[in-house]
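Heads up: the sequence lines are chains A and B, in that order.
Residues in the first sequence are numbered consecutively from 1, following this note's numbering.
Residues in the second sequence are numbered consecutively from 1, following this note's numbering.
Mixed in with the good hints, there may be bad ones.
Identical copies carry no separate label here, and so any pair may be met within one copy or between two of them.
[Said to hold, decoys possible] Below, simulated SDA-like cross-link-like pairs (lysine to any residue); rule was C-alpha separation at most 25 angstroms, straight line:
hint: 1; residue 1: Lys-161; residue 2: Phe-401
hint: 2; residue 1: Lys-2; residue 2: Leu-238
hint: 3; residue 1: Lys-10; residue 2: Asp-244
hint: 4; residue 1: Lys-379; residue 2: Gly-197
hint: 5; residue 1: Lys-379; residue 2: Ser-324
hint: 6; residue 1: Lys-2; residue 2: Ile-394
hint: 7; residue 1: Lys-2; residue 2: Leu-91
hint: 8; residue 1: Lys-161; residue 2: Gly-43
hint: 9; residue 1: Lys-2; residue 2: Thr-376
hint: 10; residue 1: Lys-379; residue 2: Thr-269
hint: 11; residue 1: Lys-320; residue 2: Tyr-432
hint: 12; residue 1: Lys-10; residue 2: Thr-84
hint: 13; residue 1: Lys-320; residue 2: Ala-377
By construction, these hints were calculated from the structure, which means they are not laboratory data.
Listed below are the residues making up each chain.
Protein chains: 2
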Amino acid sequence: MKCLILAAGKGSRLRPRAESKPLLPLLGMPLIERVIREARRAGADDFVVVTGHAADAVEAFLADLARRLDVPIATVRNPEWADTENGRSLLAAEGLLREPFLLLMADHLFEADLLRDLLRAPLPPAGLRLAVDGQRHNPLVDPDDVTRVRRDGARITAIGKGLEPFDGYDTGIFHCTPALFDALREAARHGDTTLSGAVQRLARDGHAQAVEVSGRFWCDVDDPAALARAENALLRRLRGKTRDGPVARWLNRPLSIRLSRRLVNTNITPNAISLASFGLSLLATGLFLVGHYAALAAGGLLAQLASVIDGCDGEVARLKYLGSDYGGWLDAVLDRYADAFLLGGLGAYAWQNGGGTLALVLAFLAITGSFLVSYTADKYDGLMRERGGARFRIGRDVRVFLIFLGALLNQALAVLILIAVLMNAETLRRLYVCRAG
Amino acid sequence: MKCLILAAGKGSRLRPRAESKPLLPLLGMPLIERVIREARRAGADDFVVVTGHAADAVEAFLADLARRLDVPIATVRNPEWADTENGRSLLAAEGLLREPFLLLMADHLFEADLLRDLLRAPLPPAGLRLAVDGQRHNPLVDPDDVTRVRRDGARITAIGKGLEPFDGYDTGIFHCTPALFDALREAARHGDTTLSGAVQRLARDGHAQAVEVSGRFWCDVDDPAALARAENALLRRLRGKTRDGPVARWLNRPLSIRLSRRLVNTNITPNAISLASFGLSLLATGLFLVGHYAALAAGGLLAQLASVIDGCDGEVARLKYLGSDYGGWLDAVLDRYADAFLLGGLGAYAWQNGGGTLALVLAFLAITGSFLVSYTADKYDGLMRERGGARFRIGRDVRVFLIFLGALLNQALAVLILIAVLMNAETLRRLYVCRAG
C-alpha cells in the first residue's frame, strides 16, 4: 500500500518550536515520524512525501528515517509551496502514484485502527474515501479551524471550512484513486487550488464517500494548544489499554505516565528502564537485610518507587514504537527475580527481628505463592478472556504495595503471612476455576 | 466424514481373551474404541459399525461409547456373518452410505496421521483409495497372513493373499465411494464374497488407487503374538514424541512406561497420578525436614520415584485418550510446587546440619533459579524451535536427579550450590540467547 504524505507547509503557528512543522517533536518523536510509523502498523509500506518549506532538513530526516525503519520513502519537492494551496503539492507527486493510495497530512496524528477502518471499506471507482469524524464534541478538534463535511449516507455531499449545516469533521485522512489528480486540475482551472476544492468537485459528481471513524483517535496539530492536547491524549491512551490492577491504576500509572513524559525526551531505552527498576528492587532488598527499621522503611519506599518505574518501560516503548516481545519478556523475568529478592529480604528482616523459623517458612511460602501466581497468569487470563467473565486479579502491583506498607509500618511478618496466604489461595483458586471449565 | 467399521467376525485366534474381538482390551481399552477414537482425531464424526458375532455385547458397548464420546454410532447386523466373507458385512451397511466414506476394520489399529495421509489424496471417481504400506520388513506385519498389493504408480493392479510379485501390504484402511457396493455385488455373482475380490474388480477397471503410508503406525491384531506386538509398539511410541531430558530419557521413561502399562488397566486418571507424584514429593520433603541422614536418603529415593511416576500421567493420558490442556497445566503447577518444597526441604536439612545462613541463601537461589528456568521455558523453546537449532535443556528430570544424588551422598549443600548456579546461569543464558535473535 502506497502512502502519500503532504509535508510542504510552513506551520507558522508552531514555528518557534522547530525548524519545520513535520519535524516538530511530540513526546520525543517528530510528527512525520509518528505519521509514518503508525501508517506502517496499518499496512502502508511505500511512502511518498511532498516537501516544501525547509525541504533540505525534512528530506535529510526522511532519508535517515527510511534507513532506520528499512522502508522506502521517496520525496518530491513542490517549488511553489510558499505561494499555493496544498492541491499543488499533491499534483507534484502525481507521477509516482498510478494506483490507489493513502493520503495523509504530516501534521495529522491518528491511530492505526482508524486507517484500518478506512481501508476495510471499498474504494469508490474513480473517486476517494475520506475518514470523517461524526463526533461533534470531540475535545481534540478545534471547531474554528477544522474542515467540515456534510453527508448523505456514505456519500459526501459538501465539504469546506465554515460549512453549515454539517455532520462531521474532515480528518485529513483519505484513501484515493488517481482520479483525484484530474479533479485537482479541474478545480484549479476554476481558481481553487485546495485539496478540499477537488474533493468538493468529486463529491458533486458522487465520487467522494465517507467512512465514519468517531471514537478513533485523530488530531490535527496546528498550534501550541493542539500540540499539548495531542500529547495529553497520547499519554491518556497509555491507561486504557493495559490490564492494570487497582494499585497500578490509581497510584503507579498516574505517576509513571508523568515520568514517561520526561523519559521520552531522552535516549533511555525501555530495557534500560526495566533494568533500572530491577536495580532499585535489589537496593531495597539490601536495605531490608540491614535489619533496622529505618533501613526497612527506606527499602519499602524504594521498592514502591521501583514498581512505579516498572510501568515506564512499557509506556516509553509504546510512545516511541520501541515495543518488542523480548522487552516484555525481559521485564517479566526481572520482575520475578525482584519479587523473590524483596520477599526473601523481608523474610530475612523478620527472621533477624524475632520472627525465627516462622519467618523463614512464611518467606518460603510467600515466594512460592507469588511465583505460582505469575506462572499461572497466562493460562488463567486466556481462559477468563475466552469466557468473557470479569477477571479477578491479584498482581504484582498489589504485592509490592503490601511490601511497601509492611515496611513502613514495621510489620514484616504480618505482610509475609498476608502474601503467603493470598498468593497460594489465588493459585489454588485458579486451579479450581480452570478445572470447572 | 462418515466411517464404516467392520466388526462382525469371530476372531477365533483371540477368542479366549474376550467375548468378541472388537471388545478385546489392548492396554486397557477395547480395540474398536481405539479405532473409533483415533478415527475421530483424523476428522471422522459419524460412525456405522457392522456387527455379527456377539452382536448384543458389541452393540451395547457401542451405545455406551456413543454416549461417552458424544458421537453418533449406528450399528447394522449382518445375520449371515458366520457363513460368509466380509464383503457381505459391507453390503449390510449400504443403505446408510450414500456419500464417500472411510472403511476401517475393528481389529486394525493405526495412527490418525495415516488417515490424514489417505484423506489428503483425491478419491478416484467411482472407485476407492487404499492405504498401502510399502515397507517390506515392517516388524508389525505377519508376512504369512497379510493381504498383498501390486501397484503401477498410484494405481493398484492386483490384490490378494499370497500374491507374487507384490510391492506393498493392504492396511485394511480405505477411502471409498459407494461404487464399492456394485463391485461387491458383481464379485459375489462370480463367487467371491470378500472385500479383496471387489477391490480386485475395481483395480482391473482402473478404479482402485493406493496411498503409500510406510513409516506410519498400523497393525492388524489377529492373534496373541500380534496383540503383544501392538501393545509394545504403542508403548514405544510414548518415547518418541516427548521432549525428554537425559535423565528422563535413559532412566525415568523406561521405568514409567513399565508402570503405565499396568496403570492403563485401572481406573486411575492422569490427574490422580499427578497428585500422587506430588504427594510423594511432599513426603520426601517431610523426610528432609527430619534432619537425619537416613531420612534424607529415603527422601531422596522418594523424590526420584515421584519424578518417575510424574512421567506416567502423560503416558496414561495418551494411551487412553485422556489428554487435556488442563491436565498438562495442573501437572506443571504441581511440579513447580514440588520443586520448591524439595529444594526448601534440602535447604532446611543443610541449615540444621551445619550449613547455617549459607544454606538458606543457597536454597533461596536454587528455588528462584529453578522457577525462572520453568518460567522462561515456553518462550525459549518456541524461539529455539523457530531457529531450528539444537535445544540445550536443563529440565526438571536433571534437577530432581541431582537432589536424589545429593541426598544419597549426604551432600545437601553441594547440590544446592550446583542447582543454584546451574539454574540461574541457564536463565541468564536464555535472556542472552533470545536477545541476540
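Status of the hints after comparison with the structure:
For the identical chains of this complex, Lys-161 and Phe-401 are neighbours neither inside a copy (52 angstroms) nor across copies (78 angstroms), given an alpha-carbon limit of 25 angstroms. Taking identical chains as interchangeable, the C-alpha atoms of Lys-2 and Leu-238 are never at most 25 angstroms apart, the minima being 29 angstroms within one chain and 53 angstroms between chains. Taking CA atoms no more than 25 angstroms apart as the test, Lys-10 paired with Asp-244 passes in neither setting, with 42 angstroms inside one copy and 65 angstroms between copies. With identical chains, the CA atoms of Lys-379 and Gly-197 are never at most 25 angstroms apart, being 55 angstroms at best within one copy and 54 angstroms at best between copies.
Both within a single protomer and between protomers do Lys-379 and Ser-324 lie at most 25 angstroms apart by alpha-carbon distance, with minima of 21 angstroms and 13 angstroms respectively. In the homo-oligomer, the alpha carbons of Lys-2 and Ile-394 never lie at most 25 angstroms apart, since the shortest distance is 46 angstroms inside one protomer and 49 angstroms across protomers. For a Cα distance limit of 25 angstroms, the shortest separation of Lys-2 from Leu-91 inside one copy, 16 angstroms, qualifies, whereas the shortest one across copies, 63 angstroms, does not. For the identical chains of this complex, Lys-161 and Gly-43 are neighbours neither inside a copy (31 angstroms) nor across copies (62 angstroms), given an alpha-carbon limit of 25 angstroms.
In this homomeric assembly, Lys-2 and Thr-376 never come within 25 angstroms of each other (Cα to Cα): the closest approach is 44 angstroms inside a single copy and 40 angstroms across copies. In the homo-oligomer, the alpha carbons of Lys-379 and Thr-269 lie at most 25 angstroms apart only across protomers (22 angstroms), although the nearest pairing inside one protomer, at 30 angstroms, exceeds that limit. Taking the shortest alpha-carbon separations for Lys-320 and Tyr-432, only the inter-copy value of 24 angstroms comes in at or below 25 angstroms, while the best intra-copy value is 41 angstroms. For a Cα distance limit of 25 angstroms, the shortest separation of Lys-10 from Thr-84 inside one copy, 12 angstroms, qualifies, whereas the shortest one across copies, 95 angstroms, does not.
In the homo-oligomer, the alpha carbons of Lys-320 and Ala-377 never lie at most 25 angstroms apart, since the shortest distance is 27 angstroms inside one protomer and 29 angstroms across protomers.
The structure fails to meet hints 1, 2, 3, 4, 6, 8, 9, 13 from the earlier list, while all remaining hints are met.
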